[in-house]
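Number of protein chains: 2
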Amino acid sequence: MGGGGSSVLMRLGILMSGPDQVSVDSIALFVTLLCICIVIGHLLEENRWINESITALFIGLGTGIVLLVATKGGSSRILAFNEDFFFIYLLPPIIFNAGFQVKKKQFFRNFMSIMSFGAVGTMISFCIVSFGAKLLFETLDMGYLELRDYLGSFILFTTCSSGLCYFIVPIGAIFSATDSVCTLQVLNQDDTPLLYSLVFGEGVVNDATSVVLFNAIQKFDLSDISSRIALKFVGNFFSLFLASTLLGVVVGLLSAYIIKKLHIGRHSPDREVALMILMAYLSYIIAELCDLSGILTVFFCGIVMSHYAFYNVTESSRVTTKHAFATLSFIAETFIFLYVGMDALDLEKWELVSNSLGKSVGASAALLGLVMVGRAAFIFPLSFLTNFTKSKSDKLNAKQQVTIWWAGLMRGAVSMALAYNQFANSGHTKQPGNAAMITCTITVVLFSTVVFGLFTKHIVRLLLPPSTHLNTMVSSEPSSPNSTLILSLLANEEDSTMTLPLLGDVEDLEDGSPGSTNVRRPPSLCMLLSTPTNTVHHYWRIFDDAFMRRVFGGRGFAVYVPDSPEEGSIH
Amino acid sequence: MGGGGSSVLMRLGILMSGPDQVSVDSIALFVTLLCICIVIGHLLEENRWINESITALFIGLGTGIVLLVATKGGSSRILAFNEDFFFIYLLPPIIFNAGFQVKKKQFFRNFMSIMSFGAVGTMISFCIVSFGAKLLFETLDMGYLELRDYLGSFILFTTCSSGLCYFIVPIGAIFSATDSVCTLQVLNQDDTPLLYSLVFGEGVVNDATSVVLFNAIQKFDLSDISSRIALKFVGNFFSLFLASTLLGVVVGLLSAYIIKKLHIGRHSPDREVALMILMAYLSYIIAELCDLSGILTVFFCGIVMSHYAFYNVTESSRVTTKHAFATLSFIAETFIFLYVGMDALDLEKWELVSNSLGKSVGASAALLGLVMVGRAAFIFPLSFLTNFTKSKSDKLNAKQQVTIWWAGLMRGAVSMALAYNQFANSGHTKQPGNAAMITCTITVVLFSTVVFGLFTKHIVRLLLPPSTHLNTMVSSEPSSPNSTLILSLLANEEDSTMTLPLLGDVEDLEDGSPGSTNVRRPPSLCMLLSTPTNTVHHYWRIFDDAFMRRVFGGRGFAVYVPDSPEEGSIH
Numbered sequence: 001m002g003g004g005g006s007s008v009l010m011r012l013g014i015l016m017s018g019p020d021q022v023s024v025d026s027i028a029l030f031v032t033l034l035c036i037c038i039v040i041g042h043l044l045e046e047n048r049w050i051n052e053s054i055t056a057l058f059i060g061l062g063t064g065i066v067l068l069v070a071t072k073g074g075s076s077r078i079l080a081f082n083e084d085f086f087f088i089y090l091l092p093p094i095i096f097n098a099g100f101q102v103k104k105k106q107f108f109r110n111f112m113s114i115m116s117f118g119a120v121g122t123m124i125s126f127c128i129v130s131f132g133a134k135l136l137f138e139t140l141d142m143g144y145l146e147l148r149d150y151l152g153s154f155i156l157f158t159t160c161s162s163g164l165c166y167f168i169v170p171i172g173a174i175f176s177a178t179d180s181v182c183t184l185q186v187l188n189q190d191d192t193p194l195l196y197s198l199v200f201g202e203g204v205v206n207d208a209t210s211v212v213l214f215n216a217i218q219k220f221d222l223s224d225i226s227s228r229i230a231l232k233f234v235g236n237f238f239s240l241f242l243a244s245t246l247l248g249v250v251v252g253l254l255s256a257y258i259i260k261k262l263h264i265g266r267h268s269p270d271r272e273v274a275l276m277i278l279m280a281y282l283s284y285i286i287a288e289l290c291d292l293s294g295i296l297t298v299f300f301c302g303i304v305m306s307h308y309a310f311y312n313v314t315e316s317s318r319v320t321t322k323h324a325f326a327t328l329s330f331i332a333e334t335f336i337f338l339y340v341g342m343d344a345l346d347l348e349k350w351e352l353v354s355n356s357l358g359k360s361v362g363a364s365a366a367l368l369g370l371v372m373v374g375r376a377a378f379i380f381p382l383s384f385l386t387n388f389t390k391s392k393s394d395k396l397n398a399k400q401q402v403t404i405w406w407a408g409l410m411r412g413a414v415s416m417a418l419a420y421n422q423f424a425n426s427g428h429t430k431q432p433g434n435a436a437m438i439t440c441t442i443t444v445v446l447f448s449t450v451v452f453g454l455f456t457k458h459i460v461r462l463l464l465p466p467s468t469h470l471n472t473m474v475s476s477e478p479s480s481p482n483s484t485l486i487l488s489l490l491a492n493e494e495d496s497t498m499t500l501p502l503l504g505d506v507e508d509l510e511d512g513s514p515g516s517t518n519v520r521r522p523p524s525l526c527m528l529l530s531t532p533t534n535t536v537h538h539y540w541r542i543f544d545d546a547f548m549r550r551v552f553g554g555r556g557f558a559v560y561v562p563d564s565p566e567e568g569s570i571h
Numbered sequence: 001m002g003g004g005g006s007s008v009l010m011r012l013g014i015l016m017s018g019p020d021q022v023s024v025d026s027i028a029l030f031v032t033l034l035c036i037c038i039v040i041g042h043l044l045e046e047n048r049w050i051n052e053s054i055t056a057l058f059i060g061l062g063t064g065i066v067l068l069v070a071t072k073g074g075s076s077r078i079l080a081f082n083e084d085f086f087f088i089y090l091l092p093p094i095i096f097n098a099g100f101q102v103k104k105k106q107f108f109r110n111f112m113s114i115m116s117f118g119a120v121g122t123m124i125s126f127c128i129v130s131f132g133a134k135l136l137f138e139t140l141d142m143g144y145l146e147l148r149d150y151l152g153s154f155i156l157f158t159t160c161s162s163g164l165c166y167f168i169v170p171i172g173a174i175f176s177a178t179d180s181v182c183t184l185q186v187l188n189q190d191d192t193p194l195l196y197s198l199v200f201g202e203g204v205v206n207d208a209t210s211v212v213l214f215n216a217i218q219k220f221d222l223s224d225i226s227s228r229i230a231l232k233f234v235g236n237f238f239s240l241f242l243a244s245t246l247l248g249v250v251v252g253l254l255s256a257y258i259i260k261k262l263h264i265g266r267h268s269p270d271r272e273v274a275l276m277i278l279m280a281y282l283s284y285i286i287a288e289l290c291d292l293s294g295i296l297t298v299f300f301c302g303i304v305m306s307h308y309a310f311y312n313v314t315e316s317s318r319v320t321t322k323h324a325f326a327t328l329s330f331i332a333e334t335f336i337f338l339y340v341g342m343d344a345l346d347l348e349k350w351e352l353v354s355n356s357l358g359k360s361v362g363a364s365a366a367l368l369g370l371v372m373v374g375r376a377a378f379i380f381p382l383s384f385l386t387n388f389t390k391s392k393s394d395k396l397n398a399k400q401q402v403t404i405w406w407a408g409l410m411r412g413a414v415s416m417a418l419a420y421n422q423f424a425n426s427g428h429t430k431q432p433g434n435a436a437m438i439t440c441t442i443t444v445v446l447f448s449t450v451v452f453g454l455f456t457k458h459i460v461r462l463l464l465p466p467s468t469h470l471n472t473m474v475s476s477e478p479s480s481p482n483s484t485l486i487l488s489l490l491a492n493e494e495d496s497t498m499t500l501p502l503l504g505d506v507e508d509l510e511d512g513s514p515g516s517t518n519v520r521r522p523p524s525l526c527m528l529l530s531t532p533t534n535t536v537h538h539y540w541r542i543f544d545d546a547f548m549r550r551v552f553g554g555r556g557f558a559v560y561v562p563d564s565p566e567e568g569s570i571h
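Going down the list, the protein sequences come from chains A and B.
full-length UniProt numbering numbers the first residue of the first sequence as 1 and each following residue consecutively.
full-length UniProt numbering numbers the first residue of the second sequence as 1 and each following residue consecutively.
Hint data in this document are derived by calculation from the structure and do not stem from the laboratory.
Treat the numbers as computed from the prediction; the structure is a model and nothing was measured.
All C-beta atoms, glycine included, are put in the ideal place defined by N, C-alpha and C.
Keep in mind that a hint or two might mislead.
[What the hints assert, rightly or not] FRET-style restraints, in silico, Cβ to Cβ: (1) Cys290/B x Leu43/A: 23 to 31 Å; (2) Val536/A x Asp25/B: 34 to 42 Å; (3) Thr32/A x Ser391/B: 27 to 35 Å; (4) Val373/A x Val551/B: 52 to 60 Å; (5) Val551/A x Ala70/B: 46 to 54 Å; (6) Leu43/A x Val551/B: 47 to 55 Å; (7) Lys72/B x Pro381/A: 42 to 50 Å.
[Stated by the list, open to error] Output of the computed footprint for chain B on chain A, the stretches with three or more beta carbons under 8 Å from beta carbons of chain B: (8) 97-106; (9) 311-322; (10) 326-333; (11) 401-414; (12) 437-446.
[Claimed, not checked] Chain A residues, not near chain B, derived (Cβ > 12 Å throughout): (13) Ala28; (14) Glu45; (15) Ile285; (16) Ile286; (17) Met372; (18) Thr389.
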């Protein structure tokens, strides 16, 4: 009976599934909404104010209202926000694609700034938001102190000496989360590559910091901070950072090696694509299993794959991976904003805080202020400090600093997921204190995404006019893939927001590909002293050409020659 | 805190999730196994005996054994076989891709044979297996008759007058299911296009039949079959078939129209790809919601998309969709076989039937025999009958009939899913009768997939030597896309199992694309009488060119010209 009775099966599935389980109806509604988002997002593409995330948020909110009216106030959502679903399925493709498509030169050139913003900056912001929230709640006395009783059973913060820790520490965490997903949506890598790599890179490093912070809160007694513990903390951070990065690099190299050695694409290019997708996902899952930062791992896995594996696959697989990863990421992003929009109207939580609505609004506003102050407190001082290590053209001026500050203010799905994890049990909460925390988070997320998001394009345009930032910040990264076919294919398409994963810079053209006009310059002593990053980059290139690409393939070293399956590498 | 504490969240997820919920560990294991399957499948590609599904089955079985040893007989599986998961997530991409990549000319040329095999044939097979099983169980008296008591609470077969219906009717259904997934894996569309389209098409129509059968069992009192009820039944089948097909066609046309009219790919090709994926999935889900056959719907949606929407998208999106859909389908197929392999060793069920093992083996062997007889009972008579409607070169000879009979004998994941739905509650069962039914199904599935699968390549080679079937059956379908770029890209790659979705035949080259050597021949009266299908096809082409392609785009009518975003259609 064929796919026999599948329809009947599904009916049964609907009947038997609980209220929080995925039903076919809700899948149908969600898929329809996603299609609508894509079409409307396309129509509004040229609009200066609206971006895709805001469109999706509004469509989610609109659907929530319709559902509320249809169910007469019963429920605004068809799916409860599920933080497992978010972290296991939606986040990995987004971050992997970001690593796969990121302009590697920009990223590594600003590596020090990214590290300091992501690690030190997050700590500063965390402390400011936490202590600010502590003062705020003590002043407002929002009736949350009665919740001390519940602390005994709470597993995460058992070492926390004060009952307030239950709220304060997570709030610091929730509101220090730079939302990488929002950043990807609002900033354009081609228009503002420096900002993009700084703010997005910060978000990625931010995740590693957060994992260390969480572990630290569990392991260390923070009320008794000694220099030994602080050192241990720093050591912890670096080992976690290194381990996560290493895991991503190893999985990326392994995939490149397997694809190159075994000619996986010889019989079917689909195997190559499948292997790349699966191994990237595997890197994320393994990192999570090992208590590492999955985001950091999958990000570096994406970078390594685009540097090696991407060049080992057949030509059609290159086009496919480039667009398929972007498409998956795009769907996941849209899904998240829809999800957040629909969840925001859940009456259950709002009813619980309705008798303290004024306080709730006040607390949200105060938290938003804290977020802004917390971010300002590290962007400006750290920019000032990192400017000392940079060449004059790379220094961050005041306008750029303001833009970076602004672009990282949005809080999004990551904050929501953390809030739900902390204050709700599978999307539901019965306690007014918890409900207030969640509604505060929703308010901050909606406000920051919509209002800050609306103005970001304008602020970027105002502070960094195209003539300035395009000329000074876009390094001349020519796309010079080996195959003129790919070149023409990629040049023909109109997609201006995507570029072929670019691996190097003008120095990278020694493989004699067409369009090579620059000659490799040896680094002078002057260059070495003034721009240490460039020098490191130069020696990395030598090592890369001499060893890495010979083993793992890469541009110029593993061109797949379809007619001779036995030997795929030229050079 | 970035993707903050995602690791911590996941730990919590693992701790809190029940035994049947998806945990991060099991995802990691599954993804690793999928990667291993891909690599081993690649290495064994040239092996004459093993195919990818058998590899995945064996890897699944091996993992099951390792898990059994590791847990000391505790459990062989990390995920229970979940039929909802199978029907909602795994099956749609496989069937959609089959529709997207199917050789349409072969499919429509053999439409009558496919319909008769799928509809009439399934009924015949269903009756034979059901009545055979009834006799068998009465003879063996396997102790299942005590289960009559449970029938009162059973919702599906309440109208069934005899207690045996509980087993007999579902068994007929389970073992009449031609597994499209197995067929796709074992037969090669390029080597044996006729067989492929017949056996696969039969599987798709089979699904529509099964939905009607299930509904009929619920609605009609089958113990009192009158001519009126039989007519109603036939009417039901055709309305369901038409409605499902129509839904797929409408969604496919809608996607083509939206992409063409709005130039969705203008700003980003990823939107086009996302829209195609989402709308295809939507068609399946809507069909299931409306109690139609989702498989039939998504199959026709794939056909229509490859005929219209495929030509409206940018060039890179064409390459991407072609390979991304195939990759998704490939991953889903491999996943299914792994899943079945791991589930086969679940001790719980085997222990329940351990004291009647001999009977169980006997029943499995008898069921396998019934499957073979049931299939023979419709393939040969129906082939004989449909041969009358065909031109001499299209007639099925005896060897081809035997091959079709053999290729459809495999039972796979669909049978497993139906058995679990009928006899188990979320993967568990406590009753010996139910357990015996499930173990019988597993035995038949494993045996037929492995043994029949092993020999299929050889039988095809033996009965239809390449020189014969390649010359007589592969119609000269030149791939003549408008763009020479795509042409060279597709010609360059080594993928011999995939072809650009081909829309027409030699008559289809009136758009003057390079390589057009044949001139369109007007249909003569003789042709019309001898080959009605070809004549219908001719008039369809005229209508297609005159109206359909002008509205919905398609080859030659909606070439996307990247440099002039305002008007994308030439001709």
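Now for the hints, and whether the structure bears them out:
1. Cys290/B x Leu43/A: 23 to 31 Å: With Cβ atoms ~29 Å apart, the hint holds.
2. Val536/A x Asp25/B: 34 to 42 Å: Holds, at about 39 Å.
3. Thr32/A x Ser391/B: 27 to 35 Å: Distance hint for Thr32/A, Ser391/B is violated at roughly 45 Å.
4. Val373/A x Val551/B: 52 to 60 Å: Given a distance of about 58 Å, which is inside 52 to 60 Å, the answer is holds.
5. Val551/A x Ala70/B: 46 to 54 Å: For Ala70/B against Val551/A, whose Cβ atoms are near 35 Å apart, the range 46 to 54 Å is violated.
6. Leu43/A x Val551/B: 47 to 55 Å: violated, 21 Å
7. Lys72/B x Pro381/A: 42 to 50 Å: violated, 59 Å
8. 97-106: violated (count 0)
9. 311-322: holds (count 7)
10. 326-333: With 4 residues close enough to chain B, the hint holds.
11. 401-414: Violated: only 1 residues of the stretch 401-414 of chain A have a Cβ under 8 Å from chain B.
12. 437-446: violated (count 0)
13. Ala28: Given that some Cβ of chain B is not farther than 12 Å from that of Ala28/A, nearest at about 4 Å, it is violated.
14. Glu45: Violated, since 5 Å does not exceed 12 Å.
15. Ile285: Check fails; 4 Å does not lie beyond 12 Å.
16. Ile286: violated, 6 Å
17. Met372: Nearest chain B Cβ is 17 Å from Met372/A, so the label holds.
18. Thr389: holds, 24 Å
Checked against the numbered hints above, the structure breaks hints 3, 5, 6, 7, 8, 11, 12, 13, 14, 15 and 16 and satisfies the rest.
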